[in-house]
Structure formats: structure tokens, C-alpha cells
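Chains as they are written, first to last, in the numbering used here: chain A, 1 to 586; chain B, 1 to 288.
Calculated from the structure, these hints are not laboratory results. Some clues are possibly wrong.
30 Å max Cα-Cα, derived DSSO-like pairs, lysine-lysine [unchecked claim]:
1. K521/A to K467/A
2. K130/B to K215/B
3. K448/A to K130/B
4. K453/A to K43/B
5. K244/B to K185/B
6. K215/B to K445/A
Residues on chain A that point at chain B, a partial pick, calculated with CB under 7 Å [stated by the list, open to error]:
7. A249
8. F384
9. V439
Here are the in silico distance ranges between beta carbons for each label pair [to be verified]:
10. D285/B to G17/A: 54 to 62 Å
11. D412/A to L261/B: 39 to 47 Å
12. R447/A to D285/B: 52 to 60 Å
13. D265/B to L3/A: 50 to 58 Å
14. D412/A to A39/B: 35 to 43 Å
15. A240/A to G243/B: 43 to 51 Å
Just so you know, even glycine gets a beta-carbon here, dropped at the ideal spot from N, CA and C.
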Amino acid sequence: MILNNIEVMFGGQAGDGSLTTGDLIAGVFKRMGLEVYTYKDFPSRIRGGHTNYVIRAGTTPNYGMADFVDCLVAFDLEAVQIHIEEMRPGGFIIFDNTSETIPAELRRDDINWYEIPIGKIAKEDLGLELVRNTISLGVIAALIGMDPQIVRRDVTNVYKRKGEKVVDINIRAIEAGEKYIHEHYASTPSGYSLSADRVDGDRLIMMGNDAIAYGSLVGGCRFMAGYPITPATDVLEWMAKYLPQYGGAVVQAEDELAAVNMIIGAAFTGVRSMTATSGPGLSLMTEGIGLASSLEIPIVIVECARAGPSTGLPTKTEQSNLQHIIFGGHGEFPKIVLAPGTVEESFYMAIDAQNLAEKYQMPVFILSEQALCQSKATLPRLSFEAVEVDRGKLITDPVVFGEYRRFAFTEDHVSPRVIPGTEGGMHLAPGSEHNDGGVITENAKNRKRMMEKRMGKMETARPDLPKAKLFATPGARVGIIGYGSNRGPIAEAQDRLNKMGELVNFLQLKTLWPFPDDDVKAFLEANDEVYIVENTYTGQLGRLIRHVVGPIDKLHDVRKYNGRPFRPIEIIDAVRTGSAVSLAGV
Amino acid sequence: MALVMSPKDFATATPSWWCPGCGDFGVLASLKSACAELALNPKDVAFVSGIGCSGKISGYLHSYAFHGVHGRALPVATAVKVANNHLTVIAAGGDGDGFAIGAGHFLHAVRRNPNITYIVMDNQTYGLTKGQSSPTSDLGYVTGTSPGGNPDAPLNGMAVALAAGGTFIARGFSAQPKKLVELIKAAIEHPGFSVVEVMSPCVTYNKHNTFAWFKENVFDVTQIEGYDNTNKQHAFEALTADGKIPLGIIYQTQRAAFDDLVLGDTPPLISADVYDTGRFHGIQDAYR
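The task is simple: from the sequences and hints, build the whole structure.
Structure follows, in C-alpha cells:
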């Protein structure tokens, strides 16, 4: 059987160029008309240490990893040692045997081995060891029948910035890789042959973080402050490049305490503002987020979750900041938490976040995860038709001093908002409890009313928030709930379970706070067994669901907390086993 | 058209929560006078404060006032200026706010040099939590948290500011309102980060650094023979010499302001168009 989808993994040492080659091959797959998803699994260091980059391609959209690796490009023995067990039976390993050989005990005879002196070819035939990545691309291209013209065009495009010489040597590297396969092996012997039944057209390939940044710009964000932190830094860098071109500004703050207070300051002044961080930074921002909420200042916080606690696994994925985001901070205050499940959703949700923050005058979180925010995926061209910037109750005309009340009690609990420079709107915005005019007061009646006003805004906002998405299967009485990066593996597991005759529904949560009680209740009523899939140890999403529906027997927990995203087979196994708790991952 | 303003135009209806006789009254009065004499319009003044007795001051100045969390007045104020550089931005806080919990931001504001003014109301104690030692308390100061005497040497905030690249460093005394008004006016007019440390005695908890003590222990820096406040060495010697406390504009110089560097020719961020989203359509072409 010839397979028309593939998961390619480049494995080697950090800094050896496999990321560039991985991006290159992802681009080639895209231009062949295939659907692509990439996943970076790299160490928290710049040079050295095992790193791998996974590129998945096929004819149907994939938003996550496959069950197995089909093709491992191993630049050293360590890559084989680490990943040999992840190989699909029938898959193949391209191994650079220039200085190492595969020991007998590591060999599996259910996979094909291509042991090629890639380093030697690079050094002796081409005179540049660095191009062994590109040679490996030529090897893969020959083995799985990639369009040679697209390969050459993409290589040219990627390297043309570095000059003709660099382009030339990389083209020769591709040819050397192809030639080696043609001379030593029969044509496309790998068992894989990739082709698409569509053309690339005007599709895009974009990283989750870029989509969030791009959406934020479109959504009207004109100020960003942040402190570099993996895996969120891309957002800050994207904004630093683009915001100044459109009348905005970016500040690299001295720490996350400053970053969150800076966006509060800019938002108080009337500029749509955001920051992007990960767990450790979020811990430092938590006090400021409570301040923004009590002062009813619109800010957007992008949280690109990684594995904690403390420094944890800085470059690996986890969903363990969910409860911190929802419940973190002293006191009780309103906030909105949105979770995109794909790169495309990341873009549109970032626009929503900017509008929601200003309409309801509260902090809005965009919760992404390393497995989504640093992953690339193919997506249709982005549409701007439905995009609208809604500034809510922002007042730009003069108001009458003394009559105007910044924190006025209103029917929908949202008060008309002025910004500095507005005639007559002078007031104090204090983090201390205050009356409707902003005067600090400890009055009991006022306190009760103010709490009800602020918290009431969450109910006002609720109908405006992204609805959970139901992927329904007619006749199914088994359901899976998840959010974020798990959208991909769950949807894929659902599809395969359906094909096996085990029908399942899938509910993807998009708003996590205020918690979508009604969506979840309806889903639980419609299903006899429900599996909650999440990347946590303690089952944080499961707890939120049980808080709504109680500790009912039909709930099953499927958890993975080794820092790696789910593979679909792990979810399929959990559903087929039917255990109350399934723990996935080694 | 220049406005004619009086200090009363900067008053709020909110009664003060400070103790009778507090040095902070002098700071507030001088601040109002300075704003009036500069003919500022309250609608164009953003006034940011932190937490503590000093932090209350934002409630008493008629302006767009912001009373944030402890120690973070400067990041808020810096961003207000970047967001709308037409505003006059003033931050105020105490010795705890500026030199303890917010010390990091103080250093970075000094080195960034945003065009804002920072008033540190230094009473050398933590008043609002009932008299514990602060970063500027004397060694040996006996308090509830230091019953055996404060073991920490006091921080010389203005010397730190000088070392960190400060462009306007001044010190005043809340019982010398006329001089303080002039210092604050000069600070607001300074193109860059201006810090004014105001010795502002706590009449309730600090029984050592009292009004009477300060009157005996301060002097005007201009009394130093040949003093040149554009000379960094002179300033450093004045700030670090043992003995009496120098007041006045200790040091001033000029270099590019942070907001000018960040913004370049960009108009105030608040005037950036947010509605015309169609112009972003082409960005995605880079992802083809």
C-alpha cells in the first residue's frame, strides 16, 4: 500500500539547521497542495542537545501529530535511540552514517533503513558540511516523490537572500541527495508517495503565534509591552516589526510586572493594548491583571502555555495554567478566557479578544499552548469581511464634569469610558474600592453594588463570546470534550473511531471563562459516556466540568502530562478501553 | 491661547486621608501651584501614583489620575506617555514605592528617560502600615519589624539615579513650598525623566527625621562654592558627601527621551486608525 500522508521528523542537535530544512519541506508540501502541520520539540538551549522538528503532510487537514513517525531523518545516533519506538511499522529512517553506525540491538526489521553518508557527501562532494540538511531534503524528495520543480524553487526562494552562491550549493545538495537514492535504490521504494488532488492556490502557512499577533493588529491593538519568554516571544517580535508601521509602538519591558502595568497605562490612555507571556510571566502579572479588572481597563493577555511549575519544561507543551488564568489573583474579578484550537482560530480570536476587552472593559486572555502557538499549519486565505472594530462605550466627545461618572451603574453594568484629554472627564481610577465617580470609599453598600456591577459584566458578555463547537456524529452516544491544541488529535481520533464503527461526538470549548455551562450541560445530556482530554496532571478541565454537572459516573479523564502533545491513537485507546482515568504518554 | 489657572483649579472635592501636619500636604500644595503656574489644563494631565500614604495623592489632584498597585507607578506612567505624548505625565510615590518594591522600575525609568516627572515623597518610614523601616530609614531606626534597630543601610536614591543615567535630579523639602514649586515646574519642563525627591516628614511615626530636624540638616546645593549642576562629578560629590542634605536641582543634562525614540515621527498612538482593517490584508501574502 502506498501511503499519501506522512509525518517527517528531523532529529539532531539544536543549531544544526534542521529547523530551516523543516520549514523548507513544510513549504514544499504546502505548494504541492497538501495540508501541513508542524511541531517543534526543541531543548531550552541554543546550540547542542537533541532537537526534533516534525512536519506532517496529507490530503486532509491535520492540527496535530500523527500516531507514529513515518520518516525519521536522523543526523546522529541519539536521534535514532530516542525515536526508534515512535516509528510506524513500514516507515523509514534516513540515517547519516558518516561517523556513527546503527548498533544491531537498535535495528527494527519492520522499518526501512537508508544509511547514507550525508555528512561525507556534504563535505567531500560539495565542500560544505552545513548543507547536509539540504542533502537530506533531496533524499526525502526522491524517496517519496516530491515535485522536483517545487523543491528547487523553494530552495532558491529560501536562500536567495544569502546570494547566488548559497542558492547554487543548496541546489547541488538537493541533486546530490536525489542522485544517491536513484543510484542506490529502486524508484520510490519507501512505500510513500505524496500527491494532492488540489492546487495550493492562495492558501497560507502560518505559525500560531504569528496568527495571534496578526489578528491583534487587525483587531486594533496599537501598543504592546512584553518581556521575552519562550514560547511567547514570537508575538512580541512580530509586533515589534509590524506595529510601528501602523501607528503603534512596542516596548520591551524590564520584567512582566512592568509589562502588564505598561499595557494598563496605555489602555487607560485609550490605546488598545496587549502583552504575551507564558506561565512564569503570568505569575508575575497576576496582581496587575486584578488591577485592570477592578479599574475596568481593557487589556489582552496572550498566554502561550508551557509545562510548569517554576521553570518547568520551558519549551514543551501543557495545559496546566488553565486554573491559574481563571482563578489566579487575590479577590474576585471578571475576566474572559478564550482558547483557539487552530492557527486559523488564533487569528480570528485575537480580533475578538480586542473587541471583547474594550466592549466589556475587562482583561481578556487568549490561551494558547506551545503545541499550537509554535506550530505552523496550512490555512485558507484570511477573510476580513466580517472584521469590525467595536470600541463599545468609549466616549470621545466632551462630558460635563460633575455629571459624568466613570464607573456609573448601568443596566448592562458597563460604564461609559473617557480617556485622558477628554474635556470634563477628569477622575481618579483607583485600585482601591471606589464609588461610581472613582472616589475611594469603604462604604458597605457601595462595595456590594460595585462587586455586582463588575461581576455582572461577565453575564452581559456571555452571549457575545465564542460558542463551543460541536462536531456531531449522527447516532453517537459517546462524547469527547477538549480545547486548545487538543482540537487536532481529538478530531482525528473521532474520525477514526467513527470509521471503526465506534461513533463519537466532539465538543471543542472555545470560551473557557465565563465557563460555558450550558454548552457543556447539553453535551453531557446528549452523551452516555464523556471523555475529557487534557494536558494536565490534576485534571483541571475535568474539575471545571464537574463543578457544573457534579461528579457523575459518565465522566472519564484522559490526561497527558509529559510535556508532549497527544497523538490520536492515545485518545482512541482511552475511548476503547473505557477506563475512568487514562494516562497517556511515556 | 494660554490658560490662566490657579492652584484651586487642581483641587478635588475629596477630603484628604493624611494625618494632620503630614509633610505630604506641602508636596500636594506645591504640585498644584506648579501645575497652575505652568498653565496646564487638568484634562491634559495624567497623574499616576502607587500605594502607601504617598499614593493617596492622586485622589487630590484634579486630573486624569491613576492609583495603581504598589511600586508600579512608573511603568504605568511611561506607557501613558508613549500612548499619548501630548499629555503631561506625572508620577508620585513614596520611598517604599520607589526604592523598595518598585526599585527595579525606578532604575529602568531613569535609564529609559521617558519625558515624565517622578516625585518621590520620602518620609523614611512606612506610614500606612504604622511605622516600619523603609529603604531610606536610618541605620538603627527602631520599629515594629526592627525592634533591635534597622540593620539595613539607607539607600541613596538620587545617587543611584545619577549613576543610572538620570537627566534631571532634584531634591526638595515639603516645608519650603516656594522652592519646591520651582523644582517641580523645572522638572515638568525638563525634556526627559525628571525625579524630585521631596523630604516629607511623617509626623506620626518618624520621631527622628522631623520638620525641626530637617530644618537643621538641609542646605541649598547652590551654597557649595563653584557648584555646577551640569557637572556629574559635582553632583556625585554633593549627593554622597557625609553631613547635611543638599536641596535644589542637583544635576541636569539632556539626551533623547524614550517616548521620542520609540515613537519617532509617529503621531500619538491614540490617534492611530483602528477601523480601516482592510489595509492589513496584504500582510498575509508573506505567508503564501
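Hint-by-hint comparison with the structure:
For the proposed pair K521/A and K467/A, the alpha carbon gap of about 13 Å is at most 30 Å, so the pair holds. Taking the CA atoms of K130/B and K215/B, the gap is near 24 Å; set against the 30 Å cutoff, the hint holds. Between K448/A and K130/B the alpha-carbon distance is near 28 Å, which keeps this suggested pair within the 30 Å criterion. Our distance criterion of 30 Å between C-alpha atoms is met by K453/A and K43/B, whose separation comes to about 27 Å.
For the suggested pair K244/B and K185/B, the alpha carbons sit about 25 Å apart, so the restraint of at most 30 Å is met. A distance of roughly 46 Å separates the Cα atoms of K215/B and K445/A; the hinted pair therefore is violated under the 30 Å criterion. A hinted interface residue such as A249/A counts as satisfied when its beta carbon comes closer than 7 Å to some beta carbon of chain B; here the least separation is about 5 Å, so the hint holds. At a threshold of 7 Å, the smallest CB-CB gap from F384/A to chain B is about 6 Å, leaving the interface hint in force.
A least Cβ separation of about 6 Å between V439/A and chain B falls short of the 7 Å threshold, and the interface hint therefore holds. At roughly 26 Å, the beta-carbon separation of D285/B and G17/A lies outside the given 54 to 62 Å, and the hint is violated. A hinted range of 39 to 47 Å holds for the C-beta pair D412/A and L261/B, which are about 42 Å apart. Between R447/A and D285/B the CB atoms are about 53 Å apart, so this pair conforms to the stated range of 52 to 60 Å.
Against the hinted window of 50 to 58 Å, the Cβ-Cβ separation of D265/B and L3/A comes to about 56 Å, which satisfies the hint. Judged by the Cβ atoms, the range 35 to 43 Å given for D412/A and A39/B holds: they are separated by roughly 40 Å. Restraint check, A240/A to G243/B: a C-beta distance of roughly 48 Å satisfies the suggested window 43 to 51 Å.
The structure fails hints 6 and 10 (numbered hints given earlier, in ascending order).
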